[in-house]
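Novice: What follows is the residue order along each chain.
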Amino acid sequence: MLLALVATALVAVALLSDLIIPRLDAAWKRHRARRQRAPTLLFDPGRERRAEQRARELLRSCVNEEEWAMYRDLGFIRVWGLQSDGPHAGGGGGAPYAYLIYPHKPIVAYMAQTRRLLSEYCVEFPDNTRPYGSAMLPDSDDVLAKWMALTGDERRLISTANMHLPGRQHDPSQVARDLWRLAQWERSRMRAAAERARSDASR
Amino acid sequence: MKPGHGEVLIAEGDTSVTEEEQRLIEEFRRQLDAGLWAAVPLACADGKREARMVRSFDDVPRDAERVIFFPRAAGGR
Numbered sequence: 000m001l002l003a004l005v006a007t008a009l010v011a012v013a014l015l016s017d018l019i020i021p022r023l024d025a026a027w028k029r030h031r032a033r034r035q036r037a038p039t040l041l042f043d044p045g046r047e048r049r050a051e052q053r054a055r056e057l058l059r060s061c062v063n064e065e066e067w068a069m070y071r072d073l074g075f076i077r078v079w080g081l082q083s084d085g086p087h088a089g090g091g092g093g094a095p096y097a098y099l100i101y102p103h104k105p106i107v108a109y110m111a112q113t114r115r116l117l118s119e120y121c122v123e124f125p126d127n128t129r130p131y132g133s134a135m136l137p138d139s140d141d142v143l144a145k146w147m148a149l150t151g152d153e154r155r156l157i158s159t160a161n162m163h164l165p166g167r168q169h170d171p172s173q174v175a176r177d178l179w180r181l182a183q184w185e186r187s188r189m190r191a192a193a194e195r196a197r198s199d200a201s202r
Numbered sequence: 000m001k002p003g004h005g006e007v008l009i010a011e012g013d014t015s016v017t018e019e020e021q022r023l024i025e026e027f028r029r030q031l032d033a034g035l036w037a038a039v040p041l042a043c044a045d046g047k048r049e050a051r052m053v054r055s056f057d058d059v060p061r062d063a064e065r066v067i068f069f070p071r072a073a074g075g076r
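Chains as they are written, first to last, in numbering that gives the first Met the number 0: chain A, 0 to 202; chain B, 0 to 76.
Calculated directly from the structure, the hints in this document are not laboratory data. Among these hints, one or two may not hold up.
Covered stretches of chain B, going by a simulated chain A footprint (3 or more residues, C-beta under 8 angstroms) [claimed, not checked]:
no.: 1; stretch: 4-12
no.: 2; stretch: 34-41
no.: 3; stretch: 49-58
no.: 4; stretch: 61-74
In this text, a Cβ means the ideal position worked out from N, Cα and C, and glycines have one as well.
Please put together the full structure from these sequences, using the hints given.
Specialist: Put into structure tokens, the structure is as follows:
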């Protein structure tokens, strides 16, 4: 009688092993995973903010006073284009043009006299060596990198960037408004400078 | 420039001291080998500022205060 019961149990276990073994294996793995210590990642919530603060100081030390004030007050920097034929062949026809540098947005080229938007240049400075976190530079570092690359080797940066028609990422009406703000800002600076000069002369 | 860090001092030294200059050259090469671009910020006589992109240590002006390394530009979306 006992022998028959044991034999039956063995047959039942053999038949159910396909169902039981994977479940036991999974339970064992779960148990081991629970016992493993998770690596402690020391996340510092103020890190990005401090990085941006350092980046602003670096930017301020590299650009001139007007460019720094422009970035501080308006959120972008204008850089004059230096290529005789415009940012890309046939683009400017010798007329003065400039770029607006925004943090983490495409560079916008425009004609200085007519404020006609020429193109958007999408460029990134990805750092793939980082162990974790964002691959993006702080905002002000992104602006500085674009500024250095544009003033240092405009042709190289423009040829590296992906060129698009205006309006792909920037709202043209917003850029037009930024150009208007820039003109107002420059006028007020010129007025302030003229008043300073007058008061200095009257002393 | 490093994401999440901002400015990081890599090396400093006096180029008139041979050993220090050698160390700066080695660090310069290491950064360029890592794929970074190097630029020297310059102040022009008319108050304008600009950067000079440098590809070798010899391109760095002798009176340059610093060389800034930053990730190589790539076409973005």
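Novice: Taking the hints in turn, state whether each one holds.
Specialist: So, going through the hints one by one against the coordinates:
no.	hint	result
1	4-12	holds (count 3)
2	34-41	holds (count 3)
3	49-58	holds (count 4)
4	61-74	holds (count 7)
When the structure is compared with the earlier hints, no violation turns up for any of them.
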